[in-house]
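I would like the entire structure built from these sequences, with the hints used as guidance.
Protein sequence lines correspond, in order, to chains A, B and C. Position 235 of the first sequence, counted from 1, bears residue number 235 in UniProt numbering, the numbering being contiguous throughout. Position 35 of the second sequence, counted from 1, bears residue number 35 in UniProt numbering, the numbering being contiguous throughout. Position 262 of the third sequence, counted from 1, bears residue number 262 in UniProt numbering, the numbering being contiguous throughout.
Please keep in mind that the hints were generated in silico from the structure rather than gathered at the bench. Don't take every hint at face value.
[Said to hold, decoys possible] Keeping only pairs whose Cα atoms sit at most 25 Å apart, straight-line, the calculated SDA-like set for lysine to any residue is:
#, chain 1, residue 1, chain 2, residue 2
1, C, LYS268, B, GLY159
2, B, LYS21, A, MET94
3, B, LYS123, B, ARG137
4, B, LYS129, B, GLN147
5, A, LYS168, A, GLY248
6, B, LYS246, C, VAL264
7, C, LYS127, C, ASN105
8, B, LYS126, A, ILE171
9, A, LYS147, A, ASP254
10, B, LYS88, A, ALA163
11, C, LYS30, C, ASN171
12, A, LYS168, B, ILE119
13, C, LYS197, B, VAL262
14, C, LYS282, C, GLU294
15, B, LYS24, B, GLN303
16, B, LYS129, A, SER161
As the structure is a prediction and not an experimental result, all values here were calculated from the model.
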Amino acid sequence: MISITTTIIDVVTDNRVYDTYVISQNLVMRLKGPSAEHIFGLDEFGRDIFLRMLWGTRYSLFLGAIGILASTIVGGTLGAIAGFYGNAIDNIVMRFMDILLAIPSILLAIAIVAALGPGLVNILIAIAISYIPTFARVVRAKVMSIKDQEFIEAARAVGASDARIIFKYIIPNSLAPIIVQATLGVAGAILSIAGLSFLGLGIQPPMPEWGAMLSNARTYIRDAWHITVIPGLGIMLTILSLNLVGDGLRDALDPRLKN
Amino acid sequence: MEEKVKRTELLQVKNLKKYFKTPKGMLHAVDDVSFSLHEGETLGVVGESGCGKSTMGRAILRLHEPTSGEVIFKGENILKFDKKRMKKLREEMQIIFQDPYASLNPRMTVSETIIDPLIIQGKYKKSDKEGLQKKVREIMDLVGLSQKLINTYPHELDGGRRQRIGIGRALALNPKFIVCDEPVSALDVSIQAQVLNLMQDLQEELGLTYMFITHDLSVVRHISDNIAVMYLGQIVEKAPAKLLFKNPLHPYTHALLSAIPVPDPDYKMKRILLQGELTSPINPAPGCRFAKRCIHATPECSQQEYSLKEVEPGHFVACSRFNEIKN
Amino acid sequence: MAELLEVRDLFIRYETVDGVVEAVNGISLKLDKSSTLGLVGETGAGKTTLAKGIMRLVPNPPGKITKGEIIFNGKDILKLSEADMRKVRGKEISMIFQDPMTSLNPVMTVGEQIAEVISIHEKVSSKGAMEKAKEMLEMVGIPAERAEEYPHQFSGGMKQRVIIAIALACNPSLLIADEPTTALDVTIQAQVLDMMKKLKDKLNTSMILITHDLGVVTQTCDYVAIMYAGEIVEYGSLRDVFKNPQHPYTNGLFGSIPSLAEDVDRLKPIKGLMPDPTNLPKGCKFNPRCEYAEEICRCQSPETTEVKGIHVVKCFKAQGLV
Chain A
1 MISITTTIID VVTDNRVYDT YVISQNLVMR LKGPSAEHIF GLDEFGRDIF LRMLWGTRYS
61 LFLGAIGILA STIVGGTLGA IAGFYGNAID NIVMRFMDIL LAIPSILLAI AIVAALGPGL
121 VNILIAIAIS YIPTFARVVR AKVMSIKDQE FIEAARAVGA SDARIIFKYI IPNSLAPIIV
181 QATLGVAGAI LSIAGLSFLG LGIQPPMPEW GAMLSNARTY IRDAWHITVI PGLGIMLTIL
241 SLNLVGDGLR DALDPRLKN
Chain B
1 MEEKVKRTEL LQVKNLKKYF KTPKGMLHAV DDVSFSLHEG ETLGVVGESG CGKSTMGRAI
61 LRLHEPTSGE VIFKGENILK FDKKRMKKLR EEMQIIFQDP YASLNPRMTV SETIIDPLII
121 QGKYKKSDKE GLQKKVREIM DLVGLSQKLI NTYPHELDGG RRQRIGIGRA LALNPKFIVC
181 DEPVSALDVS IQAQVLNLMQ DLQEELGLTY MFITHDLSVV RHISDNIAVM YLGQIVEKAP
241 AKLLFKNPLH PYTHALLSAI PVPDPDYKMK RILLQGELTS PINPAPGCRF AKRCIHATPE
301 CSQQEYSLKE VEPGHFVACS RFNEIKN
Chain C
1 MAELLEVRDL FIRYETVDGV VEAVNGISLK LDKSSTLGLV GETGAGKTTL AKGIMRLVPN
61 PPGKITKGEI IFNGKDILKL SEADMRKVRG KEISMIFQDP MTSLNPVMTV GEQIAEVISI
121 HEKVSSKGAM EKAKEMLEMV GIPAERAEEY PHQFSGGMKQ RVIIAIALAC NPSLLIADEP
181 TTALDVTIQA QVLDMMKKLK DKLNTSMILI THDLGVVTQT CDYVAIMYAG EIVEYGSLRD
241 VFKNPQHPYT NGLFGSIPSL AEDVDRLKPI KGLMPDPTNL PKGCKFNPRC EYAEEICRCQ
301 SPETTEVKGI HVVKCFKAQG LV
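Now the structure itself:
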């Protein structure tokens, strides 16, 4: 346990770990199964899978989370504006979103990365843009159902400005679907990044990224099960826990569900 | 309430119209309505669903922007006010809603709900925790809410208490004029009586002027000084409450009053059962809008326009044949 | 007159996470053939639960009829099998619900909806059922041609008429109407009540009318039962209860409605709120809100006693003990 903890600290703080264990190859040890020394075993180039998984969190989880955060903010604002003001504004925003939605999100991401070239920032942009329409739709639908309720009219009647109504009355009441959508979105984004890496457009080798690890490992699936199963399980468990966190967060933020 | 003291005119509505565009044509929700209200007075507005009474209340407060007309509050036409003046004016004109479940933000506690208008209008600074607390407690006392409920959420409370919060929010800014849109319709009878009494007490204590919108005729008779009867966006009769019940002149008022089920086995009233139901307020035909359902209607009724005429002191009616009908 | 329905000592409970809701607590009542009983009470009094109990439609779980008998036409319907009960529902006992907007299926024509009930309970061809459906429509004052139309083409009052036609299609001996006119405007309410009364007389149907509106009761009912917290606190003929109310709750209800005839400056409401049904007060359930309550009311539950003839009341004050 202690060794794991110290390794984690080392990994996060020390670049030497990255250079020596995460990317440097040791072909003698390639494809070795899990052992006490390397708890998740070694990959096709003899690199420690545990450390690569840990390091990969930086890319998979953080890229996913930041990408979704960006699309939540942009998509949410666009959706709120469209839903709140309706008419022409709604039409312009939503038709644009429809165009984005009409392109499969992975295709859109591929197109963006292909146009801008692979790289962390470009992947981030690709992820963020491809998720914007989903958030805009969810938020718009919720805003439209809330804005006609009497408590919004009551706020108007005491002189509240549009901005106050949106931020204090409408957004808190539309949080639940946004949160659920966002956690699902992070999960989806991780899969998208993995998919992009799988196609060779995402994180470039030798940088460790879960999807790329999975992709490279598939050739060896008959000889060494652990190098595919472990990144696969990692992605699965992360997505599962994100969904659970989302459900919990939604319940915790709703005063009606508190006793 | 019958004392003939000339009180100052607080609100005057002139030729107010509110039309909505619908795919089928123009919906005349409020069509050329005029009346005035004195300080401390209660004007009851009755009518069936779809007659435009709620829209009228909201148009006066500019929650729905009126299509045309004038709303003169304390001598000034508020429809000409810019955003800034309108916001300031909201301190003086408030509204209480029908549904105590939908009219409160489910994510705000009792105290947050009451504080919000105070902060919006800049009466208190957000940082002035002590002052705000004091004010909230004062208002909760005023509307009869127990202090221990200060941090509860609306969903934890029953309809009667929620309605008290709604009233508290409206009173927080010390308004002069309150539009009450069916404030007791969603409540049980025993709770309804509690809230009606509270509203009467507050009116006396704070000198409030009410516009009381309801479909319940016994409630409106109880609380109003004057009553306006609306039919398809127009006021068809307006009179002091008791006079209207004693001497209804418009055939629609007649039918409306005779339809009230009176809880007294000895009470026998001749029922005038209206034929058919409300006609559509979309692109209404000219002439009297009630003519199609009126048992006294003559062909002329669907041709001429009728406006309110004073037929005895304080008693206005929009019907050309009321004299013949009476006899 | 012959007896149609007798409810004996009925108890209905709902088991919820917040505790056991005591919805109906020992209700007994009788209803004669072709008479009308008004069941009056506020939200949470247990009126609708009682009606659902008689229809055996209390959702289980969480609801359960824990004790009592419901004798309908000489047999205890609580002992019937579910299959036999289905034959009773719609055929012998019908129910009308409050909201005419949601009680009709939006994708079936109104004619089909009436015909459906008829073909379930009677051996008729689909053509015969449709014929009968059209007759029913005419009877509730809707032209037969409109049988081909869908619910959204009808107004609220018209929809309620269709619902009444469905309820009466098989000529039931008992009709339970749960707030049938609450969602309607007064002039439409007057039309519908008038029609219901005529049809009831014509078809010889008994009716239980559930309402919170004392005015509606006056116009339609022969007998009245006032309900509070799952009990009938007062029962009698319309005249008994309206002209000589005995229970403080009944009096409170009358004091809460603004009168159209007299001028009162202030109403006399009942203080306090309905009790929490998972935690009903000890003794008389009305005692915390009653201005006459004394020690005995707080510890003992009063028995139902006779005032005069069929007029009964459940109150120590009316019994002269307080």
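Structure-based check of each hint:
At most 25 Å may separate the alpha-carbon atoms for a hinted pair to count; C:LYS268 and B:GLY159 meet this at roughly 19 Å. Distance restraint check for B:LYS21 and A:MET94: the Cα-Cα separation of roughly 23 Å lies within the 25 Å cut-off, and the hinted pair is therefore satisfied. For the hint pairing B:LYS123 with B:ARG137, the CA-to-CA distance comes to about 16 Å; that is within 25 Å, so the pair holds. Between B:LYS129 and B:GLN147 the CA atoms are separated by roughly 16 Å; this keeps the pair inside 25 Å, and the hint holds.
Taking the CA atoms of A:LYS168 and A:GLY248, the gap is near 22 Å; set against the 25 Å cutoff, the hint holds. Annotation: proposed proximity of B:LYS246 to C:VAL264 holds, straight-line Cα distance about 16 Å (limit 25 Å). Under the criterion of a C-alpha separation no larger than 25 Å, the hint pairing C:LYS127 with C:ASN105 is consistent with the structure, at around 21 Å. A threshold of 25 Å between alpha carbons decides the hint, and for B:LYS126 with A:ILE171 the separation of about 20 Å falls inside it, so the pair holds.
Straight-line distance between C-alpha atoms of A:LYS147 and A:ASP254 comes to about 18 Å, which keeps the hinted pair within the 25 Å bound. Distance check on the hinted pair: B:LYS88 and A:ALA163 sit about 17 Å apart at the alpha-carbon level, within 25 Å; holds. With a C-alpha separation of about 21 Å, the suggested pairing of C:LYS30 with C:ASN171 holds against the 25 Å cut-off. With a CA separation close to 13 Å, the supplied pair A:LYS168 and B:ILE119 stays within the 25 Å bound.
Under the criterion of a C-alpha separation no larger than 25 Å, the hint pairing C:LYS197 with B:VAL262 is consistent with the structure, at around 16 Å. Distance hint between C:LYS282 and C:GLU294 is fulfilled; the C-alpha atoms sit about 13 Å from each other, no more than 25 Å. As the CA atoms of B:LYS24 and B:GLN303 are separated by approximately 23 Å, the hinted pair is consistent with the 25 Å bound. A C-alpha spacing of about 23 Å is found between B:LYS129 and A:SER161, which places the hinted pair at or below 25 Å, so the restraint holds.
When each numbered hint is compared with the structure, no violation occurs for any of them.
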